[in-house]
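A.B. asks: Assemble the whole structure, with the sequences as input and the hints as a guide.
Residues per chain are reported as follows:
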Amino acid sequence: MTTRIVELRRGILKKNDELAAGLRGRFETAGVLVLNLVSSPGTGKTAFLQRTLKELVTQGARAAALVGDLETDNDARRLAESGAPVRQINTHGICHLEAEMVGKHLDGWDLGKLDYLFIENVGNLVCPSSYDLGEKIRVALLSVTEGEDKPLKYPTMFNSADAAVITKIDIAEPCGFDRDTALRNINEIRPGIRIFETSSKTGAGMTEWLSFLAEERDRLSH
Amino acid sequence: MHELSIVSSIVDSVTETLAAYPGAKVKEVRLRVGVLASVIEDSLQFCYGIATEETPLEGSALVVKVLPVVAHCSGCAQDVEIESLMSFRCPRCKEPVSDLRQGRELEIESIEIDEVTETVYDDAHCGAAAGNPEEER
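Top line first, the protein sequences correspond to chains A and B.
Sequential numbering from 1450 applies to the first sequence in the working numbering.
Sequential numbering from 2 applies to the second sequence in the working numbering.
Treat the hints as calculated values from the structure; they're not laboratory data.
Please note that the accuracy of each hint is not assured.
Output of the computed footprint for chain A on chain B, the stretches with three or more beta carbons under 8 Å from beta carbons of chain A [stated by the list, open to error]:
{"hint": "1", "segment": "3-14"}
{"hint": "2", "segment": "37-46"}
{"hint": "3", "segment": "50-59"}
{"hint": "4", "segment": "81-91"}
Taking lysine-lysine pairs in the DSSO-like style, the calculated list, with each CA pair at most 27 Å apart, reads [what the hints assert, rightly or not]:
{"hint": "5", "chain 1": "B", "residue 1": "K66", "chain 2": "A", "residue 2": "K1464"}
{"hint": "6", "chain 1": "A", "residue 1": "K1463", "chain 2": "B", "residue 2": "K66"}
{"hint": "7", "chain 1": "A", "residue 1": "K1553", "chain 2": "A", "residue 2": "K1585"}
The calculated label-pair distances, taken between Cβ atoms and stated as ranges, are [as the list claims (entries may be wrong)]:
{"hint": "8", "chain 1": "A", "residue 1": "T1594", "chain 2": "B", "residue 2": "A62", "range": "28 to 36 Å"}
{"hint": "9", "chain 1": "A", "residue 1": "G1460", "chain 2": "B", "residue 2": "G60", "range": "22 to 30 Å"}
{"hint": "10", "chain 1": "B", "residue 1": "A62", "chain 2": "A", "residue 2": "G1652", "range": "51 to 59 Å"}
{"hint": "11", "chain 1": "B", "residue 1": "A20", "chain 2": "A", "residue 2": "G1552", "range": "49 to 57 Å"}
{"hint": "12", "chain 1": "A", "residue 1": "D1629", "chain 2": "B", "residue 2": "P92", "range": "22 to 30 Å"}
{"hint": "13", "chain 1": "A", "residue 1": "T1651", "chain 2": "B", "residue 2": "V71", "range": "41 to 49 Å"}
{"hint": "14", "chain 1": "B", "residue 1": "T56", "chain 2": "A", "residue 2": "G1460", "range": "16 to 24 Å"}
{"hint": "15", "chain 1": "B", "residue 1": "D13", "chain 2": "A", "residue 2": "T1478", "range": "37 to 45 Å"}
{"hint": "16", "chain 1": "B", "residue 1": "P92", "chain 2": "A", "residue 2": "G1474", "range": "34 to 42 Å"}
{"hint": "17", "chain 1": "B", "residue 1": "A20", "chain 2": "A", "residue 2": "D1598", "range": "44 to 52 Å"}
{"hint": "18", "chain 1": "B", "residue 1": "E59", "chain 2": "A", "residue 2": "D1466", "range": "22 to 30 Å"}
Glycine residues also receive a C-beta, built at the ideal position from the N, C-alpha and C atoms.
C.D. replies: Okay, here's the thing in structure tokens:
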């Protein structure tokens, strides 16, 4: 017996990273803007996406969504009311989406005919941060009911985000939500990030959000 | 709690590498894990014992090297270590930093194995070896 050290220098999630890189290439070629929405359970990802899809469909934009949950297709049914094509991904116990699951659920969709593809991740602020899905923009959502220090508690997720969305601002006051502290905390973790303050119920902040989507979509084609 | 799937990926990767070293026994698997990798070492260790059972990695040690966040501060024109994950600011000039150079790593650095040394047997040697105990008696 002889002892030997074998250097590997290999990413543990290499398989996922490679699949995600492949997806990213497909998305870029097709010219579709892909966003990965992450938050805790109950932040209002589905309501926010429902409102976003509805507004986009009304504008005549071509949007689709994949929605991840451990079980049930309730969210897919809710989102499909917008008129956009929606598919449910059931992870059956897995706490995050992986690139392979996304790839499998794209079969039969002509990505070239889409302007936007939203991927609603499983509600979890820890695990999804490690898994690249090939998205262009990772959006971390936070509701006014969760506390202003959420970004400080989950820095790994908020630091990996490209945009942040604060949801349910229509109930900010009764919740005693301290807006300045929340904005400051997000900026401490991810300096300079774009932050949108929204209400899926009243539609507040949706104009800014939709303009951002349109700008990002335009940047793809140039 | 995605540590179990991470550990399963480690087992797959190492098993694949071992194909080049038939009969080798794994003593140690060394990881480099950034503090932003969303991985908890205790959970990794717990899952490692379970996931390596009845695999060539069974009984091996998992050694985790934790890497701090390193960011480039443009004001100071140098890479700086971020001490607290609650504030991404340069520890020298206190300006916010977003250009990260380290901290998201999640990789297998190396493995330590006991390799089977090939022994060339020839009849004469075997005969002599077999004969030795007799002679000692």
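A.B. asks: Just to be sure I understand the hint, the distance between the Cβ atoms of B/D13 and A/T1478 should be within 37 to 45 Å; is that true here?
C.D. replies: violated (30 Å)
A.B. asks: Is the hinted range of 28 to 36 Å satisfied by the C-beta distance from A/T1594 to B/A62?
C.D. replies: For B/A62 against A/T1594, whose Cβ atoms are near 44 Å apart, the range 28 to 36 Å is violated.
A.B. asks: Mind checking the hinted window 22 to 30 Å against the Cβ distance between A/G1460 and B/G60?
C.D. replies: This hint holds: roughly 25 Å between Cβ atoms.
A.B. asks: Has the hinted range 51 to 59 Å been met by the Cβ atoms of B/A62 and A/G1652?
C.D. replies: holds (56 Å)
A.B. asks: Given a hint of 34 to 42 Å, does the C-beta separation of B/P92 and A/G1474 actually sit inside it?
C.D. replies: holds (38 Å)
A.B. asks: When you check the alpha-carbon spacing of A/K1463 and B/K66, does it fall within 27 Å?
C.D. replies: Distance ~19 Å between A/K1463 and B/K66 Cα, so the pair holds.
A.B. asks: Taking a Cβ-Cβ distance under 8 Å as contact, does the segment 37-46 of chain B have three or more residues in contact with chain A?
C.D. replies: holds (count 4)
A.B. asks: Do the Cβ positions of B/E59 and A/D1466 conform to the proposed distance bound of 22 to 30 Å?
C.D. replies: Cβ of B/E59 to Cβ of A/D1466: about 27 Å, so the range 22 to 30 Å holds.
A.B. asks: Just to be careful, I want the Cα atoms of A/K1553 and A/K1585 compared with a cutoff of 27 Å; is the pair within it?
C.D. replies: Satisfied, since the Cα-Cα distance of roughly 19 Å is no more than 27 Å.
A.B. asks: Has the hinted range 41 to 49 Å been met by the Cβ atoms of A/T1651 and B/V71?
C.D. replies: Since A/T1651 and B/V71 have Cβ atoms about 43 Å apart, the given range 41 to 49 Å holds.
A.B. asks: Mind checking the alpha carbons of B/K66 and A/K1464 for me, to see if they're no more than 27 Å apart?
C.D. replies: Judged against 27 Å, a Cα distance of about 22 Å means the pair holds.
A.B. asks: Holds or violated: the segment 81-91 of chain B covered by chain A, criterion of 3 or more residues with Cβ-Cβ distance under 8 Å?
C.D. replies: It holds, with 5 qualifying residues against the three required.
Of the numbered hints listed earlier, those contradicted by the structure are 3, 8, 11, 15.
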